Amino acid sequence: AQSVTQLDSHVSVSEGTPVLLRCNYSSSYSPSLFWYVQHPNKGLQLLLKYTSAATLVKGINGFEAEFKKSETSFHLTKPSAHMSDAAEYFCVVSRENNNDMRFGAGTRLTVKP
Amino acid sequence: DVKVTQSSRYLVKRTGEKVFLECVQDMDHENMFWYRQDPGLGLRLIYFSYDVKMKEKGDIPEGYSVSREKKERFSLILESASTNQTSMYLCASSRQGGETQYFGPGTRLLVL
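Just so you know, the protein sequences line up as chains A and B, in that order. Here the working numbering = 1-based position in the first sequence + 164. Just so you know, the working numbering puts 49 at position 65 of the second sequence, and the rest follows in order with no gaps.
There could be a bad hint or two in this list.
A few chain A residues facing chain B, derived, Cβ under 10 Å [as the list claims (entries may be wrong)]:
#1 Val168
#2 Gln170
#3 Ser173
#4 Gln209
#5 Phe254
#6 Met265
#7 Phe267
EDC-like mimics (lysine to aspartate or glutamate), calculated; alpha carbons at most 20 Å apart, straight line [stated by the list, open to error]:
#8 B:Lys41 - B:Glu6
#9 B:Lys54 - B:Asp12
#10 A:Lys206 - A:Asp249
#11 B:Lys2 - B:Glu53
#12 B:Lys55 - B:Asp22
#13 B:Lys37 - B:Asp10
#14 A:Lys206 - B:Asp35
#15 B:Lys41 - B:Glu53
#16 B:Lys41 - A:Asp249
#17 B:Lys2 - B:Glu46
#18 A:Lys206 - B:Glu46
#19 A:Lys222 - B:Glu83
#20 B:Lys39 - A:Asp172
#21 B:Lys37 - B:Glu63
#22 A:Lys213 - B:Glu83
#23 A:Lys206 - B:Glu6
#24 B:Lys37 - B:Asp12
#25 A:Lys232 - A:Asp249
#26 B:Lys37 - B:Glu56
#27 B:Lys39 - B:Glu6
#28 B:Lys(-13) - B:Asp22
Not the full set, but computed from the structure, chain B residues with beta-carbon under 8 Å of chain A [to be verified]:
#29 Asn15
#30 Leu25
#31 Gly26
#32 Phe32
#33 Asp35
#34 Pro45
#35 Leu74
#36 Ser78
#37 Thr84
#38 Pro89
Bear in mind the hints are in silico, worked out from the structure with no lab data behind them. Keep in mind the model is a prediction, meaning the values are calculated, not measured. Beta carbons are placed, not taken as given, at the ideal position from N, Cα and C, and that holds for glycine.
Just chain B, with the same shape it has in the complex:
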């Protein structure tokens, strides 16, 4: 079974802090994704990566950056957290050319 893990289930941070969300997958997938999920809006893509050190902006990249130094790990960085970044963050992975994405359990981030 594909396993996607996220470093934290719940996180509370203060405005202005730098925040790291980590995601690891164990299926040697080429593609990895970061989404945020907000009520009534579904999932919106922040960034994705199709290879080590490669990244592409999604629909809502502002205020976020990403890092992919190893194939299995994809990090989402909030350079200076703001209250409007309070959300559920979901990581996913898929194989190259594959359509099915496999999701982690999510990190619920609260920015005070």
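Just chain A, with the same shape it has in the complex:
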């Protein structure tokens, strides 16, 4: 069985400050982990994914995430928030090479000017 918990339903930051979106996972198998972003009235876009290679994963738009097995975490970070980062973010776990993806409940990121 596998699942993810996104620890914050809503995060608010000021433009130019760091972003941290937290995700803990549970998996009986070697996990693949993903972050997707959803802008208002749009579908989901893949930000980055971890698949048992380097533990620090770099994604699009300056985002990165670090896989920490000891903490069962996969937090998403960005050094400096931009207004265009305002969106909903989903952490996802799947079994490696398997299509069964489990989504977190989502974290809504608000960026204040």
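Dock chain B against chain A, hints included.
For chain B alone, kept in the frame of chain A given last:
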């Protein structure tokens, strides 16, 4: 680029109507998926298909059926729409054995 398209962005239907949601992908992906998205619940899998005419139930298949007659097209059917099926519906596709799913823009369905 992978493109997944959904037939409607917004749809309003009445209780008891039969509803068809269509999804088309242009990357020759074997796998296709239907999810519904509700606030605070993330995405939940309704059905998926790994080949033409093949389908598997997801976590919440009740009240839904699917059809996959061609590789590029995956349809979600609400046999008799109910108000609790008001939701955002997202279609996705992926290659066989691949983990990354590519999503369409979604259909926001309102059942009155």
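- Task: Would you list, in rising numerical order, the hints stated earlier that this structure does not obey?
- Result: 12, 14, 16, 18, 20, 25, 28, 33, 34
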